[in-house]
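Okay, here's what each chain looks like letter by letter:
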Amino acid sequence: MKPISKLNRVERRRIARPVRFALFVALCVGLLQLRLAAIYARPAAVPAALAESPSRREDAELFNRALALGLLRLAADGRIVIAPADLPLRQAYARAYPELLAPRAGEPDWLDGSWNDESRRLHRALHFSASGRYVRQQIEAFNARQWLAAVRWRSAAGLTGDWRADRDGTPLLLTTVMPPRADRLLPEATQGWQSWRRVARWPALAEDRAPVRFWLTLARPARRGERLEVLAMGGAPTVTGAVVLASEPRCLQPSFCAEPQAAAHWLRLELAAGATEVTLSVAPLPAAAVSDLHRYEYTHVQREGGRLIWRAIWPGAGGLTDAPPAAKSGE
Amino acid sequence: MLWLLPVLGALWTVCRAPAWLEPHLLRVTLEPDRTVTLGREALWAPQADNEHILLRRDMVGGWRLANIATGKQVLWRPAGANDDRPVREWPLMPGAAFAVGAQTFTVLVADADRLVLQGDGRRWEYDGIRLRRDGQPLPECLPEWRRYWRAWSGELNWPRGLLERPLRLGGGVYCADRLGLAETPVDTAIIQPTRAGFVLYPGSAGRPDGPPVTVAAGMPDAESLWRRSIPLAVGDRLIVGRTHYRVTRTAPVLELAVIARAQRRLAGSPPPTVAPMVTVAWRPLAWLWPSDLRIQDWWLGLALSPLALGLIGSGRRRIGWPTIRGWWPMALALALTGICLALHLNRLTVPVLWPYLLAWPALLVWLGTVRSPWSARLLAVLTVLLGGGLVTLLQLGTGAGESGWLRHGGSGAALAGAFGWLAWAGWTGRQAWPAGGLDWRWARWGLRLLGAAALTLLALQVMFGDEGGWSGLQPFELTKLALTAAAAHALMSRLRSGERDWRSGQSSPWPGYLGPLALLLAASGFALAFLRDFSPLALLLPWGLALAWAYLSVHPRPVRRGFGRLAVFVLVLLFAAGLAWLHDRPERFPLDFQADRIRVWAAPEQYPHAGYQLRRALEAIRAGGWWGTAWREAGNGQVMAIPAVENDFTPAFFLNRYGGLAALALVGAQAAFMAIMLTIAQRALKRTGCGDDHRVTALGGFAYFALYGGAALLGAHFLVSWGTNLGFLPVMGQPMSLLSAAGSHLVLFVLPIVALAVAVEEKNHDNPL
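Line by line, the protein sequences give chains A and B. Numbering of the first sequence is given in my numbering, commencing with residue 1 and proceeding in unit increments. Numbering of the second sequence is given in my numbering, commencing with residue 1 and proceeding in unit increments.
Just so you know, these hints were derived from the structure itself, not from any lab. Don't take each hint at face value.
[What the hints assert, rightly or not] Partial selection, computed: residues in chain A whose CB lies under 10 Å from chain B:
{"hint": "1", "residue": "29"}
{"hint": "2", "residue": "76"}
{"hint": "3", "residue": "80"}
{"hint": "4", "residue": "84"}
{"hint": "5", "residue": "122"}
{"hint": "6", "residue": "125"}
{"hint": "7", "residue": "172"}
[As the list claims (entries may be wrong)] The following residues of chain A were derived to be distant from chain B, with all beta-carbon distances above 12 Å:
{"hint": "8", "residue": "17"}
{"hint": "9", "residue": "24"}
{"hint": "10", "residue": "184"}
{"hint": "11", "residue": "217"}
Here the structure is a predicted model, which means the values were calculated and not measured. Just so you know, even glycine gets a beta-carbon here, dropped at the ideal spot from N, CA and C.
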């Protein structure tokens, strides 16, 4: 039988085996050591390339391209509307089954304009990618600033209660986050005042002039003659459920404050015996009236002239860090 | 001995763990007719909103709970029910009406499998699968391939549970599972078919301040769906922001027992009082003693033992064992397997150390059982690697600020223990196997069964699962095992017939070995088409090259051997050069999807969001340095913020906590592991060609190719995982074997390959040359 030639090499292999073993292990360890040393030596700061061309970042590019292609539009009330999540489906049905499109009542016509591969890719990135989520979050922050209505109160008698808000029947979300410059509205100390309750998000409404209705539900019925002070940001408030003893306009600028420029109104109210609810109606203020409020707080999306631009923010400028929004964690 | 090293590591981790206190009971005291709002801080639920639930006590002392979070849900399981349901639900009854946005719908018929609504001047019928408008069925929404399967199986009258899907309200289109509404985004509300009927739930795009969803519209008890509340009774289970609770008392105060995934606090810090009406009872971490003796699924461990005894008893009569001692180790091992599986299923609630204490002796028993020096070396390196991985996951669980992270380490240990004990049971009972030992006929049928099982699981994942797997399993791991085995079988057959033909001067064609090729095509086609992920290809490429090298190393013709190996070497160099070229020119990537991963890899500073994971990982690695942070800081800190830190980015956690030097030791152990496996493969092949013993030759060749392929796939996993974590390869989403919490990968791929290596080497040792 012809010997298989590899059996002749068994002897050589037996000697070389530990050597090859050790060489293999040493090679792997050495390569990793090189890579780790390179990582530890690198500084953690932002590289210079980014500082020079911020518009090439994925979020800036996504925003600018989506704006150019019409996936983001500026509405009449100053807010940005985002193309709906099922727009590719609507475009496909506009060609294949136009009778199966739902009626379009008041929203903009998203089916006009061109629709090509780039629009499809951008739409998918806008709705289903991490940078798209960040861009939409920034747009929501921009929209939340286009109108302002907020309220805070103080009670000498130790009353407690909860505020809720709605507008034209739709409940509104309230948040306690307020820019620190709003404290200028209270030239006296802010001690004793409960935290702000500000409308966090403005849903689109057909009737934009509808006032915001804030109502306070007290924890216990009021006794006769109990008083409270309320500071309401917005137009001139209309109060039901309590008697207005005094009212004063307040402005953000420290100079003399007249009614037309008032950003807020301070009210002193007296409650009737057994009252459990106080309601205020205020008209929301447009962003132009309180442009000074957000001077030190930046969002990426800003409006200059009539145009929308995406501005880069640097850490330390008092603005947002560029950490992405919390992604849905898979379980 | 090396076995003690991970034990010492685990003991050190346990001793260095911060003194955590976990909430055990929450007591809510409330006057009648009062409400309280609770959120993340009061409930100690780290993933809940600031204001998440509203608790209300009515005049007779009962409790009602409503969900007031905007984007998150509260799941509720009433006592005695089997599944969790959202708190905001409204079952559809005939005659009732609901409004979504400006459109009102009236329910005409609401049977168990048929729903008829009247709205917008039209009649809508939904049967759980397809919507009909005025009797006309609507077309499928998206032109994907699943609609063909759905239509085909609908005609075959398959069980409805497989095909049902919710009806999504909102959007701009009327199609098979969407009912478009003006000015309402899609998924504002959904109608889900359940066993009892149809239920209205809020959808993923619905918000309390979005288009209003009103239930019982037009009736005096109309309310927003967002404000629906449920009554609380003893025995109900709640999930608020992923933290699990159980109601233990409702009078005179509400008591909630915290079961899993709650926020921890350090023992030294003063107890914070967040809300005056909520008091919290604390207890330290449950290392060995369970805090709550109600654990489910214990029956699994106890049921396996009688089953095993029954099997062995019936086998005894046929084979006639000489001693009575022979069967009790096997029964004990099977019982321990069952207990390990039960621990895996209960991983959220078992005490910390139980899975480790059960799994680690399995390895000691194996180290004592094997006799060949090479299999002992292989098991020793496996001890180091698996032990290091389990200690890392233990550190992940005990250093985190939330109690749910322990489940990864516990699950990995329990599954490894289950496999180890099961394999040992099989090994000790091997006299009971038919025809004694590794018979080739049975092995071939085993291969076919393996291939069929892998293809079946893949098909199930394609039909019912997604890229994350199907019902907790990752079927692609079994596919890898089946591919390795099938390719080894094919190459072994080819080699044997090639040797025969070379001796007799003929040549035989390649077709006839098409089994593994078909499986390969299915696997890669599946990966590309369904998962839309190219990382399995990145793993199969080194595997193919290694198998080609292995085949050419033993080819009978020396010319082909030499040139073949040179060609493979040149191919490897070409691939490396191609990768470097792609890094410089990411826009030339040929495949359409996943191209953004290549771009992120090439220019990470332009992609702060898509590259967030890698950036955080590199920061954590830099913070670790050469020596790691485990010496300085007891808690894990910022490294827990990396997404997927328990499977894809566990090496980054390892580097952060234990440092660069420990990582060098780890990669050395991994290289040694692969080298030992290749050595065992070579030793198995030495038996080829010594005589005409057909069985031995087949086994030797098969083991050679299978172990070569397995070692190559393991090496590919290690390479891809290190590359992802260190940034020199794009993020490909593959876990690191034996370090990450990847249960399917461990049990369905790594441990079977190790078992094959040990079995082959023991057989070699029994029958020496």
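Okay, the hints, checked on the actual structure:
1. 29: holds, 5 Å
2. 76: violated, 16 Å
3. 80: violated, 15 Å
4. 84: holds, 6 Å
5. 122: The hint is violated - residue 122 of chain A has no Cβ within 10 Å of chain B, the shortest such distance being about 12 Å.
6. 125: At 8 Å from the nearest chain B Cβ, residue 125 of chain A passes the 10 Å test, so the hint holds.
7. 172: holds, 6 Å
8. 17: The assertion about residue 17 of chain A is violated, with a minimum of 7 Å to chain B.
9. 24: Answer for residue 24 of chain A: violated, closest chain B Cβ roughly 5 Å.
10. 184: holds, 26 Å
11. 217: Given that some Cβ of chain B is not farther than 12 Å from that of residue 217 of chain A, nearest at about 9 Å, it is violated.
Checked against the numbered hints listed earlier, the structure breaks hints 2, 3, 5, 8, 9 and 11; every other hint is satisfied.
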